[in-house]
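Guided by the hints, dock chain B onto chain A, whose structure is given.
Protein chains: 2
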Amino acid sequence: MPGAALPIDPSVPGAPVTAAILDNLRRIVGDKGLILEEHDKQPFVTEWRGTLVGKAAAIVRPANTAEVSAVVKLCYDNGIAIVPQGGNTGLMGGATPWPTHRGILLSLGRMNHVLNVDPVGYSMTVEAGCILETIQETAAHHDRFFPLSLGSQGSCMIGGNLSTNAGGVQVLRYGNARNLVLGLEVVLPNGEVWDGLRALKKDNTGYDLKNLFMGAEGTLGIITKAVLKLWPAPKDVCTAWLAIRDPQAAIEILSEAYGASDDNVGSCELMSRAGIDMVLRHIPGTQDPLKAETPWYLLLEWSSSRPRLDGSAGMSEKMEQFLADQLEAGRVLDAVIAQTQAQSRNMWRIRESKAEANRAEGPSLSYDVSVAISRIPEFIDKGLKAVLDILPTIRPYPLGHIGDGNLHFSFMGPIGMDRATLAQYSAAITRAVNDLVASMGGSISAEHGIGIEKIDELSHYRSKTELDVMRTIKRALDPKNIMNPGKILRL
Amino acid sequence: MPGAALPIDPSVPGAPVTAAILDNLRRIVGDKGLILEEHDKQPFVTEWRGTLVGKAAAIVRPANTAEVSAVVKLCYDNGIAIVPQGGNTGLMGGATPWPTHRGILLSLGRMNHVLNVDPVGYSMTVEAGCILETIQETAAHHDRFFPLSLGSQGSCMIGGNLSTNAGGVQVLRYGNARNLVLGLEVVLPNGEVWDGLRALKKDNTGYDLKNLFMGAEGTLGIITKAVLKLWPAPKDVCTAWLAIRDPQAAIEILSEAYGASDDNVGSCELMSRAGIDMVLRHIPGTQDPLKAETPWYLLLEWSSSRPRLDGSAGMSEKMEQFLADQLEAGRVLDAVIAQTQAQSRNMWRIRESKAEANRAEGPSLSYDVSVAISRIPEFIDKGLKAVLDILPTIRPYPLGHIGDGNLHFSFMGPIGMDRATLAQYSAAITRAVNDLVASMGGSISAEHGIGIEKIDELSHYRSKTELDVMRTIKRALDPKNIMNPGKILRL
Numbered sequence: 001m002p003g004a005a006l007p008i009d010p011s012v013p014g015a016p017v018t019a020a021i022l023d024n025l026r027r028i029v030g031d032k033g034l035i036l037e038e039h040d041k042q043p044f045v046t047e048w049r050g051t052l053v054g055k056a057a058a059i060v061r062p063a064n065t066a067e068v069s070a071v072v073k074l075c076y077d078n079g080i081a082i083v084p085q086g087g088n089t090g091l092m093g094g095a096t097p098w099p100t101h102r103g104i105l106l107s108l109g110r111m112n113h114v115l116n117v118d119p120v121g122y123s124m125t126v127e128a129g130c131i132l133e134t135i136q137e138t139a140a141h142h143d144r145f146f147p148l149s150l151g152s153q154g155s156c157m158i159g160g161n162l163s164t165n166a167g168g169v170q171v172l173r174y175g176n177a178r179n180l181v182l183g184l185e186v187v188l189p190n191g192e193v194w195d196g197l198r199a200l201k202k203d204n205t206g207y208d209l210k211n212l213f214m215g216a217e218g219t220l221g222i223i224t225k226a227v228l229k230l231w232p233a234p235k236d237v238c239t240a241w242l243a244i245r246d247p248q249a250a251i252e253i254l255s256e257a258y259g260a261s262d263d264n265v266g267s268c269e270l271m272s273r274a275g276i277d278m279v280l281r282h283i284p285g286t287q288d289p290l291k292a293e294t295p296w297y298l299l300l301e302w303s304s305s306r307p308r309l310d311g312s313a314g315m316s317e318k319m320e321q322f323l324a325d326q327l328e329a330g331r332v333l334d335a336v337i338a339q340t341q342a343q344s345r346n347m348w349r350i351r352e353s354k355a356e357a358n359r360a361e362g363p364s365l366s367y368d369v370s371v372a373i374s375r376i377p378e379f380i381d382k383g384l385k386a387v388l389d390i391l392p393t394i395r396p397y398p399l400g401h402i403g404d405g406n407l408h409f410s411f412m413g414p415i416g417m418d419r420a421t422l423a424q425y426s427a428a429i430t431r432a433v434n435d436l437v438a439s440m441g442g443s444i445s446a447e448h449g450i451g452i453e454k455i456d457e458l459s460h461y462r463s464k465t466e467l468d469v470m471r472t473i474k475r476a477l478d479p480k481n482i483m484n485p486g487k488i489l490r491l
Numbered sequence: 001m002p003g004a005a006l007p008i009d010p011s012v013p014g015a016p017v018t019a020a021i022l023d024n025l026r027r028i029v030g031d032k033g034l035i036l037e038e039h040d041k042q043p044f045v046t047e048w049r050g051t052l053v054g055k056a057a058a059i060v061r062p063a064n065t066a067e068v069s070a071v072v073k074l075c076y077d078n079g080i081a082i083v084p085q086g087g088n089t090g091l092m093g094g095a096t097p098w099p100t101h102r103g104i105l106l107s108l109g110r111m112n113h114v115l116n117v118d119p120v121g122y123s124m125t126v127e128a129g130c131i132l133e134t135i136q137e138t139a140a141h142h143d144r145f146f147p148l149s150l151g152s153q154g155s156c157m158i159g160g161n162l163s164t165n166a167g168g169v170q171v172l173r174y175g176n177a178r179n180l181v182l183g184l185e186v187v188l189p190n191g192e193v194w195d196g197l198r199a200l201k202k203d204n205t206g207y208d209l210k211n212l213f214m215g216a217e218g219t220l221g222i223i224t225k226a227v228l229k230l231w232p233a234p235k236d237v238c239t240a241w242l243a244i245r246d247p248q249a250a251i252e253i254l255s256e257a258y259g260a261s262d263d264n265v266g267s268c269e270l271m272s273r274a275g276i277d278m279v280l281r282h283i284p285g286t287q288d289p290l291k292a293e294t295p296w297y298l299l300l301e302w303s304s305s306r307p308r309l310d311g312s313a314g315m316s317e318k319m320e321q322f323l324a325d326q327l328e329a330g331r332v333l334d335a336v337i338a339q340t341q342a343q344s345r346n347m348w349r350i351r352e353s354k355a356e357a358n359r360a361e362g363p364s365l366s367y368d369v370s371v372a373i374s375r376i377p378e379f380i381d382k383g384l385k386a387v388l389d390i391l392p393t394i395r396p397y398p399l400g401h402i403g404d405g406n407l408h409f410s411f412m413g414p415i416g417m418d419r420a421t422l423a424q425y426s427a428a429i430t431r432a433v434n435d436l437v438a439s440m441g442g443s444i445s446a447e448h449g450i451g452i453e454k455i456d457e458l459s460h461y462r463s464k465t466e467l468d469v470m471r472t473i474k475r476a477l478d479p480k481n482i483m484n485p486g487k488i489l490r491l
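First to last, the protein sequences are chains A and B. Residue numbering for the first sequence follows UniProt numbering, beginning at 1 and increasing consecutively. Residue numbering for the second sequence follows UniProt numbering, beginning at 1 and increasing consecutively.
Chain A on its own, in the form it takes in the complex:
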C-alpha cells in the first residue's frame, strides 16, 4: 500500500483517460477486452432498469487477475477512477458510474471460470465473473448446494454478489453472502494482488480483510476470485403456504418451527393478501394456493439433506404435525402443503414475481429495511400508519424475509396517480420510513447496499463516529480515491 496519503478532492472525478492510456489499456487486455464505441458502452453504463445513466471513457474487460492487476496499476499511477462491475443487476446503482465519471468501467464478465470443486471439503473456487446460477448448477452436479439464491441469479455474477454482501431467500438458514465465503483474491487500489484465496474454515491470523472487502461495493478493491462454501444438497424439501393470524403470529410460528423441523427451516417469507392478488393479476400461470380472506400469509419451507426413508418421518410429516399444532394455537388459520414440485414452484413463483408484478401494476415506492426480528410486527404497524398519514390512498404491499428481520416495505401509488405525482410524496414517505427504522435501531438497507441511491441517507442516519471510521479506512486503503468513487461514502 502507498505510504503517504495524497490530498483528496471529491469534486474531481479522477484524471481523464488519454489516448496514450487507451493504448496501454489495449496492450494489457487486447482489442477483445476494450469497448470504446458509445453504443456498445450503453449496457454497461446504464443501470439495468434505466434509472441511472453514467459515463465511462472505456469499458475494460480483463481476462484474468494479472490483467486486472495491470489495469488497476495503470489507473493508480495515472489517478484514473475505476467502476468495477459484475452482472449489473444491483438495485442501488453501485455498479453504475456517475455521469461525471471520466475514468473506466472494469467488467469482470470474461472471468467466468469455475476453477475447482472440492465436494469432500465442501468448497468451490470460482472467478468473480461466474454467473450465480452456473455456480448453483455446478454445486448440484457434485451433489452439493450453494445456497445464495435471488431473483437475478440467471445474470448476476458472484463477484458482485460478494461485493454487495447479497442476501436472498436462504439467508435465514445459511446467512448472507459473507457467510458463504472461505477466501478471496482481491486486486487492491494500487494494483497489488491480495491472495487471501484460502479454503480454510478457521484462520485467526490478524485482521479480517475478507469481510472488509465483502460489502464494500468495490470501493476498497476488486474481488477477482473466491473460495465458496458448499453445503449438502437438499434431499427432502417440504413447502407450505399458511394463512396466518397476523405478523406477530409469523414470528411465533418461526420461533417454534426451528425445533419442530429438527432445525431445518430453510425459508420463511411473509406476504400480504393484497401482494398475492397483485401477482395473480399480472403473472400468467400463477394460482392462489389457498382460498382465504385473511390479510397475512407465510411461505414456509423446510429442507433436509437426509433422503426421506420408508417408514421414517420426513419433512412433510413433521410439517403436518406442526401445522396442526399451530392451527390449534390459533396462529395458523388455514394451510396447505405442496404435494408436487409444480405446487411448490407455484408458491415460490408468487413470492419471486412480486417485483415483476409491482412493475406491471404501476408506480411504486419500496424500502429494503431491517429491524430486530421480534420488533417486525411493531414496525409494520407503525410504518403503515406513518406512510398512510402522509398519503392515505397509497396501497401497502409489505413483504418480508421475516426470519432475517428484513422487510421489503413496498407501496403502490394510489389508483390513478401517475409517477410524477407519486414522486412528490416520495421524500416525505422515505423520511418517515427511515426515521422509524432509525428510532427502532434498524437498518435503512438490509440487503441491497448503499451504492449511489442511499449515499445521502447513510450519511444522515449513521453516526459521525461510524462514518469517520469508514472514511478513515477508505482513505487509508484507497488514498487516491480511484476505486468506485462516490459510492457508499462521500469523502
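Treat the hints as calculated values from the structure; they're not laboratory data. The structure displayed is predicted, hence computed values, not measured ones. Hints may contain errors.
Because identical chains share one entry, a pair is satisfied inside a single copy or across any pair of copies.
[Stated by the list, open to error] Below are the DSBU-like pairs computed for lysine-lysine, each with C-alpha atoms no more than 30 Å apart in a straight line:
1) Lys464 <-> Lys382
2) Lys382 <-> Lys229
3) Lys385 <-> Lys291
4) Lys464 <-> Lys32
5) Lys73 <-> Lys464
6) Lys41 <-> Lys385
7) Lys464 <-> Lys229
8) Lys73 <-> Lys41
Just chain B now, with coordinates in the frame of chain A:
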C-alpha cells in the same frame, strides 16, 4: 477519528503514566477501579500459565462504557499505551503487556452484566466482561443456546472471546465467534464510542466494522458490549465414540454424516489412541469408552432442538443406522453410542482433558493449525514425517476439530527428555510444521490468534501485501499506536 497521522516509533512503548494522570484515572474510575500495588497487579500482568510476565503502571477497571471511553480519551491525549484484558485465558499472550510496557492495563472484569435477553428474537445483549459460562447458562434459562464452548468457559470473558474470534468444539455447526455476533459497541483508540450495537441479522450499510474489531485482539479498539445470536436449545443429543480406519475415513464419515443426521452434526473430533491413553493415565475418573487397538478415534455428536417423540426416529436411531452403514463401508471399525448422560460426559471429558493431561505428562510442543478439510489426512502424514525426521523419539498426539480443518498438532517430548533439551528442537520443529502449513495453503493459527507468541511467524508467513494492508488499517485507526501495541503486527 484523528485526521493527521503522527510519526510512529514502535521502539517507544508509549508515554509514561505520571502522578497527574493517575489522579485523572482515579477521578474517572474511583479507587475501586484502580490497582496500583505491584502484588495486586501480578494476576493481570502475568500470562495465566506463567509463560509471560509483563508490566503495567496501573490496572484500570472501569465500571461502564462511559468510564472506558474517558480512560481511553485520557490515554489518547497523553500518548499512553493500553492493554485491554478480559479473563486472561488467551494462549498467545495477546492480553499480557510486554515487559517494556509503560502504560495501563484496562480490565473489563467489572462490566459483567447481561443487559437484555430476547428469546423470540434469538438474541442477547451483554457487557464485555461477562463470563462465557454465565452467558451459556442465561441462554439455557430462556430455553435458548449460545454455542461458543471452550475449555476456559468458566473464567474467560466474552469480550476476549470476541476480540480473539474464539473457536471451540461447536464451530463445525455454528461457526467461530464472528458468526455468533449481531452487533458490537467499541471504544475507539481516540476514546469515541462506536455504537454498532444492532440486533440485526441483515444490515448492508457500508463497511463491515464489526468483523474488523473481532479478531483484532484489542489492537483497533476495545469491545465493550455485544449483541449475541442465540439458537434453539438442543433437546435430542446423541454422542458416539468411533474407532475408525484412519484420518481419511474421518473426513468421509463426516461428509456423509451431514445428510444422515438431517444436517444435525454438532461436533466431530479426531483423537489418537496415544492421546486417549494419556488422558486415561492422568485424569482420574475417565474411562475408555471402547476397548480397541486401532490408532484413530472420532467423537461424533449430533443434536437437534426437536424433542424426541415417541415412535419417531430420534438422533440415536439415526446414529445407529449410520454407524451400521459406516461399519459396512469399512470406515468405522467399532463404535459405541452413549446411553446415559454420564457416558456422554465421559467421552467429552476425555476430549477436553487433553490439555490438562499434556501438562501432567511433561514438556510438549503444540501447533494450532488449519488446512482445507479434505487435505487433513495429507497434512497429518507429511507433518508427522517432518517432525519425526527432526526428533525421531518425539511422541505425536494429534487432535483435531476435523470438521473445521483445524488440528491441534501436539507432541510430547521423548520419554526422559527435559524441557530445556526439548526446547532446543523447538525452533526447527516449529519451522517444519509451519512451512508445511504454508505450502498447503493453511493457517499457522487456526483459532488461538497471534498475540505476542506468533507475531514473528505471521510476519514470516503472510505476504508483504497482506501485512501492508493490515498495517495500513492499524495506522489509520490507531495513529498513536496506543491500542495493545506490539500485538499481531510490528509497525
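Status of each hint after checking the structure:
1. Lys464 <-> Lys382: within (27 Å within a copy, 52 Å between copies)
2. Lys382 <-> Lys229: Answer is between; shortest inter-copy Cα gap is 26 Å, intra-copy 39 Å.
3. Lys385 <-> Lys291: within (28 Å within a copy, 69 Å between copies)
4. Lys464 <-> Lys32: The answer is neither: 45 Å in one copy and 33 Å across copies each exceed 30 Å.
5. Lys73 <-> Lys464: For Lys73 and Lys464, the Cα distance is within 30 Å only across copies (17 Å; inside one copy 32 Å).
6. Lys41 <-> Lys385: neither (44 Å within a copy, 58 Å between copies)
7. Lys464 <-> Lys229: The answer is between: 27 Å across copies meets 30 Å, while 36 Å in one copy does not.
8. Lys73 <-> Lys41: within (23 Å within a copy, 52 Å between copies)
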